[in-house]
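Colleague: Letter by letter, the chains look like this.
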Amino acid sequence: MNTISINFESFVERDNNPFILFNNQGKIIYLNNSAEILFGYVSKQELYNITLSYAPKTFGYKTTLINLNYNSYIFHSITIGYENEEQISIRLYNTPRINPIQKKDKTKLIKTDINLLLEANIALFQTKNKNPIKLLTDQDLPQFKIDQNSFSKLLRKVLNSFRSSDSMDIYLKLLIGQYIIIEDKKIYIVELGVSANGRYCDEDEEIRRLSIDNQIKSIISEYYIKLEIPLIN
Amino acid sequence: MNTFFTKSEQIQNIIKSFNLTKSLFVSSIIIGEANIGKKTLAKYIFPNAMIVSGDNQSLVEEMLKTYDELIITDFQNLTNYTNLNFDNKRIIATANYVSNPQRVDDMFAFIYNIPPLKERREDIEYLKNIFITNSTSMLMVEKNSINFNKLILDLSNNSKSLEKSIFLHILKYSLTKDEIESIIYNYISKNLEGNDGYREYLGIYEKPLIRAGLDKFGSQLKLSNILGINRNTLRKKIYEHNID
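If you read the protein sequences in the order shown, they are chains A and B.
Residue numbers 1 to 233, in this note's numbering, belong to the letters of the first sequence in order.
Residue numbers 1001 to 1244, in this note's numbering, belong to the letters of the second sequence in order.
Simulated from the structure, these hints should not be mistaken for laboratory data.
As the structure is a prediction and not an experimental result, all values here were calculated from the model.
Using N, Cα and C, we set each Cβ at its ideal position, and we do this for glycine too.
Incorrect hints may appear among the rest.
Claimed, not checked - Example chain A residues on the side facing chain B (calculated, C-beta under 10 Å, incomplete):
| id | residue |
| --- | --- |
| 1 | T107 |
| 2 | K145 |
| 3 | D147 |
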């Protein structure tokens, strides 16, 4: 049988799913572009530990269904493989993002000062909760179009999920250098983040649904919720 | 212009939140027992808004089509929510209770809960002083002529029963002998019937007479002398009227 040697490295390099090759000391021998970005949100040690924990019992490859969340990265499964004692690899599979099928009714979008909505929601939150809140906002953010009612519901639910935390940190900022393209226009992104030492996750599904409804990207973890809001004007 | 009196931090936060959203098109609901000032608060913050009662479903639906800013009172009395369109409107609803919390959660962006007056100590004191000032002024009674130690505040129906209990307490100090007689006259005129009226209605003046006398003079012996009746007669009347 004729064998043709093909170098697949460039395919792996450009793969959207992170791929990392460790040596037996846990040092990285190779990582692709996507993995490089992933390491901004997770430590090398954590991924190496996962690699060892889910490795096949003997030489070969094993795929496991597992939910892993690192900031905006959400993975649904991993493949661990090794063919010798020296190297072990992990490949993480991105969960596909479902684009909202429903288009937002433009008549519902009204130019709004987001700081006003945030402050009103914090005041509402404080009618029921005594948690100290540290707030860092950008008062110079321009007004942008938003569905005031639906977005307020989302904010209420986000804040409410922190109802039992000791203290909360809230920030609102423009994500510098990041934008999305809508109808060929560059749209900047405003990030609203709320974090604490813990939170209730009973309404996470509703928060996800309302975020999708409002064309907002939500990043939800055990300790924080981040909303990436398109600054449509 | 409506005014809303409060010293409660919780309600001040509600007012703050309302004031911030005053110019926005969001739907809000204020939930709490009757007579805690929900409607007053809504009118205080949105003085120009039209008001419609949830008792009239079709009128609410009609007004939602016409107005962008609307106060809906007694929201709990609405039976059908499907025709209520709150999109791009400023809605302020008030409700004494919520029978379907999930529905309210879906419909409203801002959900405010006002606790009953008995849970707002600072407001009880604040409102008490306002009601005392109002009642003494209306009844033309000097404040220092009133014994407030005997004032029993009725909070069973929030501000309404509180105001009434204060008004009635002060009223007692404002009445002249003729007015008291007139009140008894009216009461008896309205209720007198049967065949044992004398014995039945004698208690209206005998009972306070003996109780006040006992409180003032302490002993039955002394009181019988002051009233000019026999001690045994007094004792019999105390027993008849069940006076402690």
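Colleague: Now tell me, hint by hint, if it's right for this structure.
Modeller: Here's how the hints hold up against the structure:
{"no.": "1", "hint": "T107", "in the structure": "7 Å, holds"}
{"no.": "2", "hint": "K145", "in the structure": "12 Å, violated"}
{"no.": "3", "hint": "D147", "in the structure": "9 Å, holds"}
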